[in-house]
Amino acid sequence: MGVRSIVRKEVAEHLSSKRFPLIFMLILLSGLATAYFGVQSVAQARIREAEQAITFLRLLSGTGEAPLPSFVYFVGLFGPIIGIALSFDSINREVASGSMLKMLSNPIRRDNIITGKIVAGLLIILLLISCATSLVVGFVMLIAGFGPGIEGAFRIIYFVLASFLYVGLWFGVGLLFSIIFRRATTSALACISLWIFFTIFVYWIVDIIATELAGLRYHFPSPPLAAYVQYFEIREALSRISPFTLYAEAASALLNPEIRSLSIFYYYAQDLPTPQPLSLDLSIVLAWPSFSALMAIFIIVLTLSIVTFMRAEVKPTWA
Amino acid sequence: MSEKDVVIKAVNLTKKYGDLVAVKNLNLEVYEGEFFCLLGPNGAGKTTTFLMFLGLTRPTSGSAWVCGYNVITHPIEVRKRVGFVPEAPGLYDDLTARENLTFTADLNGVPKGVREKKIKELLEKVGLLEWADEKVGKFSKGMKQRLAIADALIKDPKVLILDEPTAGVDPTGSEEILSLLKTLTREEGITVLMSSHLLHHVEKYSDRIAIMTRGEIVRVGSVSSLTKEENVIELELTEVDEDLISKILELRVVKSVERHGNKIVIVTSGDVREEVLRVMSGNIRKVLGMKFTPSLERVYARYVGEGT
Numbered sequence: 022m023g024v025r026s027i028v029r030k031e032v033a034e035h036l037s038s039k040r041f042p043l044i045f046m047l048i049l050l051s052g053l054a055t056a057y058f059g060v061q062s063v064a065q066a067r068i069r070e071a072e073q074a075i076t077f078l079r080l081l082s083g084t085g086e087a088p089l090p091s092f093v094y095f096v097g098l099f100g101p102i103i104g105i106a107l108s109f110d111s112i113n114r115e116v117a118s119g120s121m122l123k124m125l126s127n128p129i130r131r132d133n134i135i136t137g138k139i140v141a142g143l144l145i146i147l148l149l150i151s152c153a154t155s156l157v158v159g160f161v162m163l164i165a166g167f168g169p170g171i172e173g174a175f176r177i178i179y180f181v182l183a184s185f186l187y188v189g190l191w192f193g194v195g196l197l198f199s200i201i202f203r204r205a206t207t208s209a210l211a212c213i214s215l216w217i218f219f220t221i222f223v224y225w226i227v228d229i230i231a232t233e234l235a236g237l238r239y240h241f242p243s244p245p246l247a248a249y250v251q252y253f254e255i256r257e258a259l260s261r262i263s264p265f266t267l268y269a270e271a272a273s274a275l276l277n278p279e280i281r282s283l284s285i286f287y288y289y290a291q292d293l294p295t296p297q298p299l300s301l302d303l304s305i306v307l308a309w310p311s312f313s314a315l316m317a318i319f320i321i322v323l324t325l326s327i328v329t330f331m332r333a334e335v336k337p338t339w340a
Numbered sequence: 037m038s039e040k041d042v043v044i045k046a047v048n049l050t051k052k053y054g055d056l057v058a059v060k061n062l063n064l065e066v067y068e069g070e071f072f073c074l075l076g077p078n079g080a081g082k083t084t085t086f087l088m089f090l091g092l093t094r095p096t097s098g099s100a101w102v103c104g105y106n107v108i109t110h111p112i113e114v115r116k117r118v119g120f121v122p123e124a125p126g127l128y129d130d131l132t133a134r135e136n137l138t139f140t141a142d143l144n145g146v147p148k149g150v151r152e153k154k155i156k157e158l159l160e161k162v163g164l165l166e167w168a169d170e171k172v173g174k175f176s177k178g179m180k181q182r183l184a185i186a187d188a189l190i191k192d193p194k195v196l197i198l199d200e201p202t203a204g205v206d207p208t209g210s211e212e213i214l215s216l217l218k219t220l221t222r223e224e225g226i227t228v229l230m231s232s233h234l235l236h237h238v239e240k241y242s243d244r245i246a247i248m249t250r251g252e253i254v255r256v257g258s259v260s261s262l263t264k265e266e267n268v269i270e271l272e273l274t275e276v277d278e279d280l281i282s283k284i285l286e287l288r289v290v291k292s293v294e295r296h297g298n299k300i301v302i303v304t305s306g307d308v309r310e311e312v313l314r315v316m317s318g319n320i321r322k323v324l325g326m327k328f329t330p331s332l333e334r335v336y337a338r339y340v341g342e343g344t
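Heads up: the protein sequence lines correspond to chains A and B, in order.
All residue numbers for the first sequence refer to our numbering, where the first residue is 22 and numbers rise by one.
All residue numbers for the second sequence refer to our numbering, where the first residue is 37 and numbers rise by one.
Bear in mind the hints are in silico, worked out from the structure with no lab data behind them.
Nothing here was measured: the structure is a model prediction, and the numbers come from that model.
Don't be surprised by glycine CBs; every beta carbon is placed ideally from N, CA and C.
Take these hints with a grain of salt, some might be off.
To be verified - Which residues of chain B face chain A? A few of them, derived with a C-beta cut under 7 Å, are:
#  : residue
1  : T84
2  : L87
3  : L90
4  : L92
5  : T93
6  : W101
7  : C103
8  : G104
9  : N106
10 : I108
11 : N144
12 : P147
13 : K148
14 : G149
15 : R151
16 : E152
What the hints assert, rightly or not - Looking from chain B toward chain A, a few residues come up when the C-beta cut is under 7 Å (computed):
#  : residue
17 : Y105
18 : I112
19 : A124
20 : G126
21 : F139
22 : D142
23 : T274
24 : R288
Unchecked claim - Not close to chain B: a few residues of chain A, all C-beta gaps over 10 Å, as computed:
#  : residue
25 : F41
26 : L43
27 : I129
28 : F241
29 : A317
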């Protein structure tokens, strides 16, 4: 009873908020832009019928030649903003306005509130991502004149799932911060800082560490190949602490059957004479480590926010 | 009053936040159908006490019972029977009055069939029926408070707890809120427990009051019995001499006598008008006027001190 009414209220609130159309436009426009430019570049090459499905998926996951980054890249970049926008003031706003206290004074359990908020937020995220993805897929089909095929359709569903986990984990971060910080602005800033850190700064830091550890500077000006390989391996391993990396790996491996490896050897694999596309099963196997890491972070963050909310003491300052 | 009529009972209720003692050994009984007011300055522990009565904050020691349910072990049962209006009314500004009530009705499991009718009745009761479909963001503070009261009434509570319902509301609005609460106690037998720091409101409407300061209840009693503790008698005479003043000072409950020209202001802890007149009898002095005022303000000031 309690959870359902909270979910209903939350969903209504999200859908009627002014933020909702904004974030929807953000994700949709970036999707459409990538698809459009992708199709443009594909249109110049003749595509054989056998290659159509793969080409279609490549449009979403990105190609080397496309001028703009791919849909995967955009979701990876802006997805966190969607999650954060839906949750950064979820709890503290209600505490500040007194509605939290009023809600709690009714015969419901406290966990109903946080569960309701999580369920509602995740529903909205799922709705947003599947909507935006469907629109982009439809748009690409319209101007490219071919579809992704059955296997491709399943790949797209898995991609939606991975995106859901990724955006969902940032939603959890926002929710957690909205419990920890009493002011919505503080929590928004904390979220944005974390987002900037994990999408930009972490790669600079990782690069510096990898350069030092592999001894690239020590071997300057002509380091041996082994040092380079080591540098790439370290950089790759460390960059996986960022959910952005994990998501990009999982999503592109799930979408694009041409991706045969997520490690540095991918670069060699690309150069093999006739690289065979992977079957869906194998793509899932390939994406699984990153996918499950995303799932783990997702669960940890949401659990943390539930625990923090349940342990927070109702104080007179809540009134 | 018999034991059965006690609706809220607190026994040695204590709440500490670290070193700070917010509520200290609070003992209190509120009877059914009563208009009870908790008076005290900000930070006296009134809100904390309410939060404990609602089972939202766990007491450090001691316990409380509301409607016969222990607030620590059966908070849900307590919250089924108690309506709460926080100081910030906690309504959703983007929703209409009706939508706000619908959400609370939903939370309380009010069946769909009766919901519409009930919301309409409550809006009518608090005088907001014509505003039912307006967004709450447009409402004045007083209207919000009345809507919050309707919101708290949706579960048909036995007890209504209100935290500073008149704070920031204009005098007319405050009168409306308080007379609405009074009607609820008289006509529907709802027990009202509210906090305030505005004495003149409390004096007029409540049956009993408790003065709370620094986490402790220092005085409980009916309004009439409390106000009797400090009285002011103002006398206007044709002439005043020091002899008269010293004679009045000798009377049993007189605390101080001040002279302002031909006026004498006597502060007492009882009604000594007759004695004062007797002191003057036999003299040629004429009394031009006499005013007797029981003063809750002075009682409050005595207990709460200068910190108000």
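Structure-based check of each hint:
1. Interface hint status for T84 of chain B: upheld, as the beta-carbon distance to the closest one in chain A is roughly 5 Å, under 7 Å.
2. The beta carbon of L87 of chain B comes within 6 Å of a beta carbon in chain A, closer than 7 Å, and the hint placing it at the interface holds.
3. Checking L90 of chain B against chain A by beta carbon gives a least distance of about 5 Å; that is within 7 Å, so the hint holds.
4. Look at L92 of chain B: its Cβ gets to within about 4 Å of chain A, closer than 7 Å, so that hint holds up.
5. The restraint placing T93 of chain B at the interface with chain A holds, with a minimum CB-CB distance near 5 Å, inside the 7 Å limit.
6. A cut of 7 Å between beta carbons decides the hint on W101 of chain B: the least distance to chain A is about 17 Å, and the hint is violated.
7. The closest approach between the C-beta of C103 of chain B and any C-beta of chain A is roughly 12 Å, which is over the 7 Å cut-off, so the hint fails.
8. For G104 of chain B, the interface hint is violated, the least distance from its beta-carbon to any beta-carbon of chain A being 16 Å, above 7 Å.
9. Taken as an interface hint, N106 of chain B does not check out: its beta carbon lies about 15 Å from the nearest beta carbon of chain A, beyond 7 Å.
10. The beta carbon of I108 of chain B comes no nearer than 14 Å to any beta carbon in chain A, farther than 7 Å, and the hint placing it at the interface is violated.
11. With 7 Å as the threshold, the beta carbon of N144 of chain B comes within range of chain A, its nearest partner Cβ sitting at about 6 Å, so the hint holds.
12. At a threshold of 7 Å, the smallest CB-CB gap from P147 of chain B to chain A is about 11 Å, leaving the interface hint violated.
13. Restraint check, K148 of chain B versus chain A: the minimum CB separation of about 12 Å is more than 7 Å; hint violated.
14. With a least beta-carbon distance of about 16 Å to chain A, the hint placing G149 of chain B at the interface is violated under the 7 Å criterion.
15. For R151 of chain B, the shortest C-beta to C-beta distance to chain A is roughly 12 Å, which exceeds 7 Å, and the interface hint is violated.
16. Annotation: E152 of chain B was flagged as interfacial toward chain A, and the flag is violated, the nearest CB pair being 16 Å apart, outside 7 Å.
17. With a cut of 7 Å, the hint placing Y105 of chain B at the interface with chain A is violated, because the nearest CB-to-CB distance is about 11 Å.
18. Because the smallest distance between the Cβ of I112 of chain B and any Cβ of chain A comes to about 5 Å, under 7 Å, the interface hint for this residue holds.
19. The interface hint given for A124 of chain B is met, as the beta carbon of that residue sits about 3 Å from the closest beta carbon of chain A, less than 7 Å.
20. Taking 7 Å as the C-beta contact cut-off toward chain A, the hint placing G126 of chain B at the interface holds, the least distance being around 3 Å.
21. At about 5 Å, the closest approach between the beta carbon of F139 of chain B and any beta carbon in chain A falls short of 7 Å, and the interface hint on this residue holds.
22. Interface restraint check: D142 of chain B against chain A, minimum CB-CB distance 4 Å, threshold 7 Å, status holds.
23. With a least beta-carbon distance of about 56 Å to chain A, the hint placing T274 of chain B at the interface is violated under the 7 Å criterion.
24. With a cut of 7 Å, the hint placing R288 of chain B at the interface with chain A is violated, because the nearest CB-to-CB distance is about 43 Å.
25. Every CB of chain B lies more than 10 Å from the CB of F41 of chain A, the least distance being 13 Å, so the non-interface label holds.
26. In this structure L43 of chain A is separated from chain B by more than 10 Å, as the shortest Cβ-Cβ distance comes to about 16 Å.
27. Some Cβ of chain B comes within 10 Å of the Cβ of I129 of chain A; the nearest lies about 6 Å off, and the non-interface call is violated.
28. The non-interface label for F241 of chain A is consistent with chain B: the shortest C-beta to C-beta separation is roughly 57 Å, beyond 10 Å.
29. Residue placement check: A317 of chain A keeps its beta carbon more than 10 Å from all beta carbons of chain B (closest about 33 Å).
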